[in-house]
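Residue numbers (the working numbering), protein chains in the order written: chain A, 1 to 596; chain B, 1 to 448.
Derived by calculation from the structure, the hints in this document are not laboratory data.
A few of these clues could be false.
Some but not every residue of chain B turned toward chain A, in silico, with C-beta under 10 Å [unchecked claim]:
1) A161
2) G211
3) G309
4) Q312
5) R340
6) D345
7) I353
Have a look at the derived ranges for each label pair, beta carbon to beta carbon [to be verified]:
8) A/D307 / B/D383: 45 to 55 Å
9) A/D307 / B/T426: 52 to 62 Å
10) B/D116 / A/R303: 46 to 56 Å
To be clear about the criterion: a stretch of chain A counts as covered by chain B if any three or more of its residues have a C-beta under 8 Å from a C-beta of chain B, and this derived list gives those stretches [to be verified]:
11) 335-347
12) 515-524
Cβ atoms here follow ideal geometry from the backbone N, Cα and C, with glycine treated the same way.
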Amino acid sequence: MSQMHQQAALPKCPSCAEPVESGDRFCGACGCALSAAAAGRNDTPTLTMNGASVPRPAAPGEHADGAAWPHAPHPDASEVPPRPHVPGTNAGGSPPPPPPAPQSQPQPQAQGQRQAAAQPPRQPQLQPPAHPPQQPQPQPQAHPAAQPPRQAEPQAQAAVERQPQPPAQPPQQAQGQPHRAAQPPRQTAPQPPTQPQAPAAAQPQAQGQDQAYAAVQPPQQAQPQPEPQPQPQAPHPAAQPPRQAEPQPPLGDSPAPPACGVRLDRPAEPDEYPLQAPDPRVAADAAAPDEGAAVCVACRAGRVDSDGYCENCGHAQPRERDHMEQESGPIAAVSDRGLRHHRNEDSFAVGHLTLPDGSPAAVAIVCDGVSSATRPDDASLAASRAASESLLAALPRGTHPQQAMHEAIVAAAKAVESLAEEPATAREHAPHQNAPACTIVGAVVTSGLLVVGWVGDSRVYWVPVDRSAPPARLTEDDSWAAQMVAAGLMTEAEAYADERAHAITGWLGADAYELEPHTASFKPDRPGVVVVCTDGLWNYAETAEEMARAVPHDAAVRPLHSARVLVGHALDGGGHDNVTVAVLPFPAPPRGAGSP
Amino acid sequence: MANFSKSSVPRFSVDVYQNEYLPEDGREVNAIVTVTATGGGTIGGAVAAPHLHTSGQGPSAAVVLMVDCSGSMDYPQTKMRNARDATAAAIDTLRDGVRFAVVGGTHVAKEVYPGDGRLAVADAATREQAKRALRRLNAGGGTAIGTWLRLADRLLSSAEADIRHGILLTDGRNEHESPEDLKRALGDCAGRFTCDARGVGTDWEVKEVTGIASALLGTADIVADPAGLAADFTRMMETAMGKEVADVALRVWTPVGATIKFVKQVAPAVEELTDRRTEAGPRSGDYPTGSWGDESRDYHLCVEVPAAGVGQEMLAARVSLVVPQPDRTVQNLGAQGLVRAVWTDDMAASTSINPQVAHYTGQAELAQVIQQGLDLRKAGDIDGATAKLGRAVQLAGASGNADTAKLLAKVVDVVDAATGTVRLKTKVEEADEMTLETRSTKTVRVKK
């Protein structure tokens, strides 16, 4: 269900009942997307669901199950296949044949491979150092950890993986899995159950996740959560304290409340900003009815010319892409121009499908156009479309998700490269042109598997429904800063303080040095949501913990609302870049279960 | 509306070069608008358009040649002879079917050919008759250019021609009418026909000749050596014959609250157009560009827009090409260019200067400092002249305007072009100084 919500003027915020100022897209108090108002109401029912969300609570229970999950590790069989692929992927950059056979064996490899794959780029440069350094860093861990460690220690990984998370400590690496090593803390006996749980199943994968989490959480986990894993159910006091506060309350209600606190800081300016990016939806609505008489949203006096500018005041009119929302089955995505950019160069695609075995799956792709290149908006659109089409075609055929993800990224890369051959659009015939380019990040969720893939600095975060469990970042940026840190040349703080920090080292485009799609698969041991986003969001929620705090507790049942809340979080923070976020519940809910 | 069946109007294209990014609070938007006409005319030869003009289907054209017959043309006598030869060469260049006339100019204007207030239609016979008539051209009398132009206007308006053009040759100052008379004549003729002006010898006034060409949207030049007249006249007539569409105006739309700081042609020569605006509907104005053949010209547009917040985008100007029609409607030539303003907090983006804008800003300054330098030199301000011409040398060198650099080197001794260090030459050929002044507005394009 793709929806373009109209912004019905709401006297009150549907979420927190705070009076709303006209023209605002988001509640000044809680940040709830007002445009969602209508939808919000629809969703309201979900409140019940939230209650129902019990499932989440269940999650804990599940965790319990999860405990059972550990089985997963064994079961990996299904998962296993992926890994094999991964390996292929990693290695050749071309996904290895999905052939499941290798399963268990492959797994380890797969992991290693993936990592390798993911890392390849880095590796060349940083990898060696990278791992060690990375480990320290929460983020990198996911990848690095996954990669190096896995490779080294294929199977062992399962155990290792999770463990490494927190402490990305080298020591463990010694074990073979550097990253995991990091986790050691957790791994410490306790967690195995929890963390491992999911991981176990997909060990490599799960581990990956865990690791990721670990990585992200490392701090917390490592320290507080030694026990955390148990937490799944009830957050561990120590680690969770912060989260708990937020999370728990939310669980019950749809409230963006969690976010509320944050949004309070929201600058008051937007209210009456005459030229403020008008809500495209409003404009669209207004314009749609009487085409010929489209009135400028900025001056309200001029007619809008065919080229999209007001014939009176000259202001660019909102474009379709300024704000986009879409729901597809159980998942949703929202993209916004932000407050400081004149156009939205992000793009996304979401879709859901049924796998050959009858189980549900959902797909989300998010792309961020590279502003310094020509036609970045075209690049991101082409990439997201190509990738999602590739996935939606491959998955129903039984292609392993990780293999499919790899192929999807390759397809996206080709789509972007082909743009370089097309003549530039009339608006942008600059003498100096760079080939169109963009980042890509995607996620596939099934009933038991979570696969991510990326090139560039767009990210995937894992946020467990049970906030006592650690969230995690599942991707490793192809960025200057990440490489510096990974190479051990700079501390994370130093690297990210550098003006080059956000320069990306991998992208899709004809001028990309070499396409190195990173993919990884995970077998989470508990329910959660997968947040797929561009840096427009994660700049305002960099660590997994921060992201988890920004994600509403009912995210799994109200993905669209949650995506809006997350976009609101970025806008509240300043909206300096385009913001795009997709929210996917894991495991993929059965058809009809997730969406009203 | 235009009758497209009669002639093939060249296809116009508009390209805009600008840095659209403005800093917060930034208001000034600069853009170079390149207008290119292709598919018409014979200029450049590459796209000679015989296919467009088979069987005399070219745009109907009328040309009046105005030849100075004042007494000074006999000193030296070669001047009159060369003027006659040059006019003959120009007549030979006329395309069959083009209407034409020859006017002899003194303190009054006389029809030399064909007479009776008519225009002749070019063919082998009329060309021969016209050349015979040129023998009657004799020097004697004064100079009142305004009267020549008014006669040319009457003659040109007697025929319904798409392209109406004049070629004017003078060798002396406009001494037998007041500057106001000439100015009024130019005002009356502006927009009615275009005119190239040439000064032969060194006894004419540069500002008079360039002023005529500027007002009538033609070219101005010096032909210091009368022997070079024939070749120059032939070139001018070829160019005139290559014109495909006349009275083209640059229509500039700007948003409410915006002001146009200036509009000027910057290539092939600097021509200020700001004050020549005629309003054309809400927030739009037309700037005359004359007639077009197969050619490309650049315009520098500077607009001040109301400031907007970071992240906002607005259209600062929309540039299109129109041909006003007698019935007050306009024929839109289709092409348009958008000049945008995008506010950003990215300093790197907002502080960079578009290379084209920078280049032409420099070329415009070059023309200006040459004018100022020569004026100061005439006024005896050696220091001031040295500074201005030094700057000119520097600009010409930096922008690759080799022709102008060469002309400058005949007026100053260049010590160091890079820093603009020069010494005024103590002895300067008058022809060199006049050449520099006349051609000071010639620009070169950005090396692509």
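*Mind listing which of the numbered hints don't hold for this structure, in increasing order?*
Numbers 1, 2, 7, 12 - these are the hints that the structure violates, sorted from lowest upward.
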